[in-house]
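Number of protein chains: 2
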Amino acid sequence: MKTDPTIAIVGVTGAVGAEFIATLDRRNVPVGRLKALASARSAGQTLTFRGQTIVIEELTERSFEGVDIALFSAGSGISKKFAPIAVRSGAVVVDNSSAFRMDPNVPLVIPEINARRIRDHKGIIANPNCAAITALVPLWPIHQKNRIKRVIISTYQAASGAGAAAMDELVQSTRASLNGQVYAPKVMPHPFAFNLFSHNTAIDPDTGYNDEETKVINETHKIFEDEGIAIGVTCVRVPVLRAHCEAITFECERPISEDEVRRILATAPGVRVVDDRAKNYFPMPVDASGQDDVLVGRIRKDLSDPSGHSIAMFVAADQLLKGAALNAVQIAELLPERAMA
Amino acid sequence: MKTDPTIAIVGVTGAVGAEFIATLDRRNVPVGRLKALASARSAGQTLTFRGQTIVIEELTERSFEGVDIALFSAGSGISKKFAPIAVRSGAVVVDNSSAFRMDPNVPLVIPEINARRIRDHKGIIANPNCAAITALVPLWPIHQKNRIKRVIISTYQAASGAGAAAMDELVQSTRASLNGQVYAPKVMPHPFAFNLFSHNTAIDPDTGYNDEETKVINETHKIFEDEGIAIGVTCVRVPVLRAHCEAITFECERPISEDEVRRILATAPGVRVVDDRAKNYFPMPVDASGQDDVLVGRIRKDLSDPSGHSIAMFVAADQLLKGAALNAVQIAELLPERAMA
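Residue numbers (UniProt numbering), protein chains in the order written: chain C, 1 to 341; chain G, 1 to 341.
By construction, these hints were calculated from the structure, which means they are not laboratory data.
Computed from a prediction, not measured in an experiment: that's the story for all the values here.
Don't take each hint at face value.
The list treats identical chains as one, so a pair stands whether inside a single copy or across any two.
Stated by the list, open to error - 30 Å max Cα-Cα, derived DSSO-like pairs, lysine-lysine: (1) K301 x K279; (2) K186 x K279; (3) K279 x K80; (4) K81 x K186.
Produce the entire structure from the sequences given, and follow the hints as far as they go.
Structure follows, in C-alpha cells:
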C-alpha cells in the first residue's frame with residue numbers, strides 16, 4: 001500500500017468503527033491522514049488516533065476527495081449509496097457490509113485464503129460475513145489437502161454482530177434481569193438476558209433459512225471458488241458480547257484423521273489450536289475476544305460418519321476483529337501501490 | 001400407581017429436588033406421605049407441600065422404610081449407594097443420575113417413547129440425560145415413520161444441568177462482571193458471565209468426546225433400541241439459566257420433507273411446534289422455561305444433504321422439568337399398582 005495513504009473510516013462511531021481505529025494503530029499501518037466519517041448526529045465529536053485529535057465529519061458525497069482507502073462499516077444502505085461515490089473519487093473501498101459481497105465484479109477476500117483476488121478489484125473489495133470468516137479460516141487449509149464436500153455448522157454468535165446498540169442491550173437487559181426489572185427489547189427482536197434465539201435476520205419463507213445462514217453458504221462457495229460444497233448451517237444469537245463460536249462438522253472426499261487435521265491447523269495462518277482434553281480447555285469467547293486468531297479445538301472424529309471421512313471441531317473468533325475490522329485492515333495492507341495511483 | 005403412596009425425594013434441596021416437589025403438586029399426583037431427604041447439612045430445615053410443613057430428614061440407610069416410590073436426584077454417588085438400599089426396603093426408585101442408565105437390568109425411560117419398558121423394572125428405573133431427552137422426544141415420532149440413521153447435534157445447555165450452585169454462579173459472576181469486579185469460578189471450570197464453554201464433564205482422552213456427549217449417544221441407542229443410529233454430538237454450556245437448546249440435523253433412510261416432519265410433530269406427545277418464519281419466532285430458553293413441552297422449530301431441509309433425506313431443526317426444553325423432574329414424575333405416575341405391592 002501507499003506509504004502515507006489517506007484513510008477514511010465510514011461508521012467510525014460503531015462497534016467495528018472503533019476497532020478499525022484500534023487495529024490501524026496496533027498494526028502500525030502507515031496513515032498519512034485519517035478521516036473519521038459518521039452520520040450528522042455524531043459530526044463534531046472527536047476521537048484520538050496516534051496522539052492526534054480527529055474531528056468526526058458528517059458523511060457526504062464530498063467526503064472522499066483525496067481519500068486513498070475507505071473502510072466502510074455503516075450497514076448495507078450506506079455502502080450501496082456511498083461506496084460507488086468513494087470509488088469515483090479515486091478511493092479503494094473495503095466494505096464490511098453485505099452490499100457487494102456476491103457481486104461478481106467484487107472480490108470477497110479473507111487474506112489467509114484468497115489474498116490473490118485483491119488485485120482483481122474494480123474499486124471495491126468486500127469483507128465477508130463474520131460467521132463465514134470464523135469457519136473458513138480453519139477449513140481452508142484442510143480443504144487444500146483433502147477437499148471438503150459437506151459442512152454442517154451451528155453458530156453461537158455474539159451481540160457485537162448486531163452492533164454496539166445490541167451489545168449495550170445485552171448489558172442493560174441483563175442488569176435489569178438481575179435487579180428483577182422488566183426490560184423491553186429495543187434492538188433485538190427477543191429478550192437477550194440469559195436467553196438465546198435464532199439469528200435476527202429475515203427468513204426466506206420458502207427455504208426457512210435466514211439471511212445470515214444464506215450468507216455463510218453463498219460466501220463459502222465464492223471464497224473457496226467451489227460451488228459444490230454442500231452446507232447446512234444454523235445461526236443462533238447467544239448472550240455473549242463479542243466473540244462468535246461455531247460447532248463445525250465437515251466431510252472430506254478422502255478419509256481424514258483428527259491427527260492430520262491437527263497437523264494441518266498447527267501451521268495454518270490465522271489459526272491457533274486450543275485443544276487440551278486433560279484440562280477441558282477449548283476455544284471460548286472470553287479467550288477469543290480482543291485477539292486476532294481463530295481458536296480451534298474439540299478436534300475429533302465425527303462419530304456420525306463411520307466412514308472416517310468426517311471431523312468435528314469447535315471454533316471461536318473475535319467478531320469485531322477477525323470477523324470484521326482486522327480482516328478489512330489486512331486487506332487494506334495488501335493493496336498494491338498501483339491500485340492507489 | 002398406588003392411591004396414596006409414600007414418596008421419598010432424595011436431594012430435595014437441589015434444583016431438581018425443588019422441581020420434584022412442584023411437579024408432584026402441580027400434576028395432582030396422589031401422595032400419602034412425602035419424605036424429604038437430603039444431606040445432614042440440610043436436615044431440620046422445612047419445606048411446604050400442599051399446605052403441610054415437611055421437615056427435611058438426613059438421608060440414611062433407614063430412610064426408606066415404608067417408602068413406595070423414591071425419586072433420586074443427588075448425584076451418581078448417592079444413587080449408587082442408596083438406590084439398592086431403597087429397593088431392598090421395598091421402594092421403586094426413579095433415578096435421575098447416570099448411575100444405572102446403561103445397566104441392562106434397568107429400564108431407561110422417556111414415557112412418550114418407551115413407557116412399556118417401565119414394567120420390566122427390577123426396582124430401579126433410570127431417568128435419561130437431559131440433553132438426550134430434549135433431542136429424543138421430537139426425534140422418536142419421526143423415527144417411527146422413517147428410520148433415522150444419522151444425527152448431528154450441537155447443544156446450548158443451561159446452567160441448571162450442573163445444579164443450583166451453577167445457576168447461582170452464573171447469576172453472581174454476571175453481576176460481578178457488570179459491576180467491573182473479578183469473579184473466580186468456584187463451581188464451573190471456566191468463567192460463565194457472557195461466556196460459553198465446552199461441557200464441563202470429563203473427556204475421553206482417546207475419542208475426545210466428553211461424558212455428556214457419550215451419554216447422549218449411548219442413551220439414544222438404548223431408548224430407541226437401535227444401536228445402528230450414527231450420532232455426532234457437541235455439548236456446550238451457555239450462559240442461560242434453565243432451558244437447554246439443541247441444533248439437530250438428522251438423516252432418514254427414505255426421503256423426508258419438512259412438511260412431513262411438521263405434520264408428524266404437530267400431534268406428537270410432549271412436543272410443541274414453535275416455527276413462525278414471518279415473525280422470526282422459534283424455540284427459546286425464555287419460552288421453554290417453566291413449561292413441560294419440548295419446543296421445536298426451524299424445521300427445514302438440511303441443505304448439506306442434496307438427497308432430500310435430511311432435516312434440520314432447533315429445539316428447546318426446560319432442563320429441570322422435561323429434562324429431569326417432570327420426566328421422573330411421569331414415570332412414577334405410570335408405575336403399576338402391583339409394582340408397589
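Problem set entry | Hints the structure fails to honour | none
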